[in-house]
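J.: Make a model of the complete structure from these sequences and hints.
The residues making up each chain are set out below.
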Amino acid sequence: EDQVTQSPEALRLQEGESSSLNCSYTVSGLRGLFWYRQDPGKGPEFLFTLYSAGEEKEKERLKATLTKKESFLHITAPKPEDSATYLCAVQARGGANSKLTFGKGITLSVRP
Amino acid sequence: GAVVSQHPSRVICKSGTSVKIECRSLDFQATTMFWYRQFPKKSLMLMATSNEGSKATYEQGVEKDKFLINHASLTLSTLTVTSAHPEDSSFYICSAKVLETQYFGPGTRLLVL
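Quick mapping for you: the protein sequence lines, in order, are chains C and S. Going by the working numbering, the first sequence opens with residue 9, and the numbers climb by one from there. Going by the working numbering, the second sequence opens with residue 758, and the numbers climb by one from there.
No lab work stands behind these hints: they were computed from the structure. The reader is advised that the hints may include incorrect statements.
To be verified - Partial list, computed: chain C residues near chain S (C-beta under 8 Å):
1. Arg39
2. Gly40
3. Pro48
4. Lys50
5. Pro52
6. Leu95
7. Lys107
8. Phe110
9. Lys112
10. Gly113
From the three backbone atoms N, C-alpha and C, an ideal C-beta is built for every residue, glycine too.
T.: In structure tokens:
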């Protein structure tokens with residue numbers, strides 16, 4: 009069974025204090041690993057897809073990296089508007105409609 | 758691009774009534790849509806996969822007669838919660854797939870009294 013574990017559960021940072029969010033996964037053949045951002049009371053917003061170990065993707069203050077066992081979402085010099093819950097999900101190989109398995113998310117709070 | 762809408766954004770209904778939630782892909786065609794449920798401070802739980810023109814595929818433990826899914830066109834999927842009860846109160850979110858990426862709607866908050 010595919011599993012995704014995210015840590016820490018919650019993270020509080022001072023504005024400008026860089027940090028990393030961890031996503032550990034076990035999957036029977038990785039098709040893709042996805043990062044989403046979710047604000048309270050809203051649906052998840054797509055951030056990145058990573059497909060193979062060693063791959064990195066960047067968007068503004070965020071950078072996602074991938075190894076064979078985990079992914080990190082690095083946040084550089086965060087701002088209060090980066091406060092949200094960050095969700096990690098994996099998609100296993102097999103079938104065109106292969107579903108996503110989500111972690112529980114990491115709630116990030118950035119203080120001004 | 759890849760915008761997904763949901764309607765309504767929130768609904769309050771009496772126990773025993775049915776509620777329909779619409780999910781639309783606004784700027785693309787989606788042969789596959791997904792319906793999720795999310796409890797407070799919990800992750801997304803996949804309820805079913807909706808394929809245009811065919812029957813939905815339900816996850817284990819999800820009652821297909823209670824949560825009716827119809828995907829009649831390439832831009833619209835609907836979820837009907839039949840004979841709703843207070844335990845059905847939750848945040849329901851749909852998504853639509855573009856290549857390998859799922860794009861999510863804004864969600865529908867359902868409260869059953």
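J.: Evaluate each hint against the coordinates.
T.: Cross-check of the supplied hints:
1. A cut of 8 Å between beta carbons decides the hint on arginine 39 of chain C: the least distance to chain S is about 7 Å, and the hint holds.
2. Taking 8 Å as the C-beta contact cut-off toward chain S, the hint placing glycine 40 of chain C at the interface holds, the least distance being around 5 Å.
3. Below 8 Å, beta-carbon pairs count as interface contacts, and proline 48 of chain C has none with chain S, the closest being about 10 Å; its hint is therefore violated.
4. Taking 8 Å as the C-beta cut-off, the interface hint given for lysine 50 of chain C holds, the closest approach to chain S being about 6 Å.
5. Residue-level restraint check for proline 52 of chain C holds (minimum Cβ-Cβ distance to chain S is 5 Å; threshold 8 Å).
6. Annotation: leucine 95 of chain C was flagged as interfacial toward chain S, and the flag holds, the nearest CB pair being 7 Å apart, inside 8 Å.
7. The interface hint given for lysine 107 of chain C holds, since its Cβ lies 5 Å from the closest Cβ of chain S, which is under the 8 Å cut-off.
8. Annotation: interface hint on phenylalanine 110 of chain C holds; nearest CB of chain S at approximately 4 Å, less than 8 Å.
9. Taken as an interface hint, lysine 112 of chain C checks out: its beta carbon lies about 5 Å from the nearest beta carbon of chain S, inside 8 Å.
10. For glycine 113 of chain C, the interface hint holds, the least distance from its beta-carbon to any beta-carbon of chain S being 6 Å, beneath 8 Å.
The structure shown violates just one earlier hint, number 3.
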